[in-house]
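Asker: Residue numbers (this note's numbering), protein chains in the order written: chain A, 1 to 147; chain B, 1 to 147; chain C, 1 to 73; chain D, 1 to 73.
Since the hints were derived computationally from the structure, they do not count as laboratory data.
Some clues are possibly wrong.
What the hints assert, rightly or not - Straight-line alpha carbon distances no greater than 16 Å define the calculated EDC-like cross-link-like pairs of lysine to aspartate or glutamate that follow: (1) A:LYS97 - B:ASP81; (2) B:LYS146 - D:GLU55; (3) A:LYS97 - A:GLU69; (4) B:LYS146 - D:GLU27; (5) D:LYS57 - D:GLU27; (6) A:LYS146 - C:ASP59; (7) C:LYS30 - C:GLU40; (8) C:LYS3 - C:GLU24; (9) A:LYS97 - B:GLU67; (10) A:LYS127 - A:ASP81; (11) C:LYS3 - C:GLU40; (12) B:LYS146 - D:ASP48; (13) D:LYS57 - D:ASP32; (14) D:LYS31 - D:GLU55; (15) A:LYS97 - B:GLU39; (16) B:LYS97 - A:GLU69; (17) A:LYS60 - C:GLU24.
Claimed, not checked - Here chain B is said to cover these stretches of chain A; the calculated rule only asks that three of the stretch's residues, wherever they fall, bring their Cβ under 8 Å from a Cβ of chain B: (18) 23-31; (19) 73-81; (20) 114-126.
To be verified - A few chain A residues that don't get close to chain C, going by computed Cβ distances all over 10 Å: (21) TYR5; (22) ILE43; (23) GLU44; (24) ASP49; (25) ASP64; (26) GLU67; (27) GLU69; (28) HIS85; (29) PHE89; (30) VAL109; (31) ARG134; (32) MET138; (33) LEU143.
Heads up, the beta-carbon is just placed ideally off N, CA and C, and yes, glycines get one too.
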Amino acid sequence: MVLVYDGPIDVESLLSRWYTAEHNSNYGAMVTFVGTVREENGIEALSFDIYRPLLEKWFKGWKDRLEKEGALLAMAHSEGDVPVHTSSFACAIFSPKRRVALEMLDAFVEDFKANAPIWKYDVIDGKRIYAAERSTPMAGSGLLAKG
Amino acid sequence: MVLVYDGPIDVESLLSRWYTAEHNSNYGAMVTFVGTVREENGIEALSFDIYRPLLEKWFKGWKDRLEKEGALLAMAHSEGDVPVHTSSFACAIFSPKRRVALEMLDAFVEDFKANAPIWKYDVIDGKRIYAAERSTPMAGSGLLAKG
Amino acid sequence: MVKVEFLGPIGKSPIEVEASTLAELAEILKKDPEVAVWLEQSAVAVNDRMVESLEVKLDSGDRVSLLPPVCGG
Amino acid sequence: MVKVEFLGPIGKSPIEVEASTLAELAEILKKDPEVAVWLEQSAVAVNDRMVESLEVKLDSGDRVSLLPPVCGG
């Protein structure tokens, strides 16, 4: 299951928790990715909407794919406002061998950007502005514009 | 500088320390790799020798390379015995953008395996046995066998 | 009746319409200017399953979700 | 005199020898069976700088390190 935080992720305790939970499970490699809100374009925060039912399905697809490689996947994401210099996304992969961990981290994070049902907004002067130009249409987009 | 631990790395406090030190520095991505000793082939621990002067040079080469990409590199490694299910290697890359972080993590960890002046031993029944078959000759090996 | 929900930035409350295929639903949604501008860029799920064909049949009680461009992380 | 140190698993104490190039040092080390078996697989540093040519000159006080195959992590 995806851990959904209301606001910023407590990264220190989350990474500790993941490491503690799995370091005895005989995985040789742990890789993690943490996304932190950058101060740019005058934003005070980013804000996120999540559609949880599809996020869980998408995540389960990846979890199953990694399980076939003997690896374990964990993920957390924020909902609502996440101020600059705090973190909105974290994931970890545990694997017996390093190659699987390194390759899957890259593939997972890129697919996350393209296909996880999460919407991002800039928060400027307290207003939420959809980050349209940084967003990616999901696979299969445009179906209802056809015909 | 490489943080050298006498024995296992305290991963939880190290990752917390790295995150805390840099999350305000406007990096958008942090990636980490942690290597943990697997229980296999009847070992009770791995043990490591490090040649620090050359490790520092090798590490500085990577730190400078990452700095040119606007990214920051941190690394820790153990010396001496590291029991199974504890960790001997950790690194973190902080970068404004995710692609640099993901690509450099992979490249750095692979080069670390091939060229960092660190020697590994299995510890079985208290004896230290050089892990010859898992070790890689460094670039330029065989020079003194020539001629 | 089929329920249609508009996720993320589309920012429109769910509606209920009569439609027996996605093709029929597409014709209805194209007439709503507030929705029409999103169709080109939105993916579609029926009962939380992603779909890629207009021939998908809809039954009463089905829930259709429009998913505009995403950006997590 | 040049100091030669044997790192990691070679497990031999440092020695001091007379040699004015790496080629000369190679000839000396090949005669020590304990060391000779490592030469094929070892990289070489002079004063902590990796070297790749036998023509490298050695001065008195230089420190040569033999680095056998590595495996960190």
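Asker: Take the hints in turn and mark each one as holding or not.
Answerer: Results for each hint:
1. A:LYS97 - B:ASP81: violated (21 Å)
2. B:LYS146 - D:GLU55: holds (12 Å)
3. A:LYS97 - A:GLU69: holds (10 Å)
4. B:LYS146 - D:GLU27: holds (9 Å)
5. D:LYS57 - D:GLU27: holds (14 Å)
6. A:LYS146 - C:ASP59: Cα-Cα ~21 Å, so violated.
7. C:LYS30 - C:GLU40: holds (10 Å)
8. C:LYS3 - C:GLU24: Cα-Cα ~14 Å, so holds.
9. A:LYS97 - B:GLU67: violated (28 Å)
10. A:LYS127 - A:ASP81: holds (11 Å)
11. C:LYS3 - C:GLU40: Violated: LYS3 (chain C) and GLU40 (chain C) sit about 20 Å apart, past 16 Å.
12. B:LYS146 - D:ASP48: violated (21 Å)
13. D:LYS57 - D:ASP32: Judged against 16 Å, a Cα distance of about 22 Å means the pair is violated.
14. D:LYS31 - D:GLU55: violated (20 Å)
15. A:LYS97 - B:GLU39: holds (13 Å)
16. B:LYS97 - A:GLU69: violated (28 Å)
17. A:LYS60 - C:GLU24: Violated, at roughly 32 Å.
18. 23-31: With 8 residues in contact (Cβ-Cβ under 8 Å with chain B), the coverage given for the region 23-31 of chain A holds.
19. 73-81: Violated - the region 73-81 of chain A has 0 residues with a Cβ nearer than 8 Å to chain B, which falls short of three.
20. 114-126: violated (count 0)
21. TYR5: Non-interface label on TYR5 (chain A) holds, nearest chain C Cβ at 13 Å vs cutoff 10 Å.
22. ILE43: ILE43 (chain A) clear of chain C: closest Cβ-Cβ about 14 Å, beyond 10 Å.
23. GLU44: holds (18 Å)
24. ASP49: violated (5 Å)
25. ASP64: Its Cβ never comes within 10 Å of chain C, the nearest being 16 Å, so this holds.
26. GLU67: holds (21 Å)
27. GLU69: Given that every Cβ of chain C is farther than 10 Å from that of GLU69 (chain A), nearest at about 23 Å, it holds.
28. HIS85: holds (15 Å)
29. PHE89: violated (4 Å)
30. VAL109: For VAL109 (chain A), whose nearest Cβ neighbour in chain C is about 8 Å away, the distance does not exceed 10 Å, so it is violated.
31. ARG134: Contrary to the label, ARG134 (chain A) does not stay out of reach of chain C, its closest Cβ about 5 Å off (not over 10 Å).
32. MET138: Per Cβ check, MET138 (chain A) is inside 10 Å of chain C; nearest 4 Å; violated.
33. LEU143: violated (5 Å)
Hint check: violations occur at hints 1, 6, 9, 11, 12, 13, 14, 16, 17, 19, 20, 24, 29, 30, 31, 32, 33; the rest are consistent with the structure.
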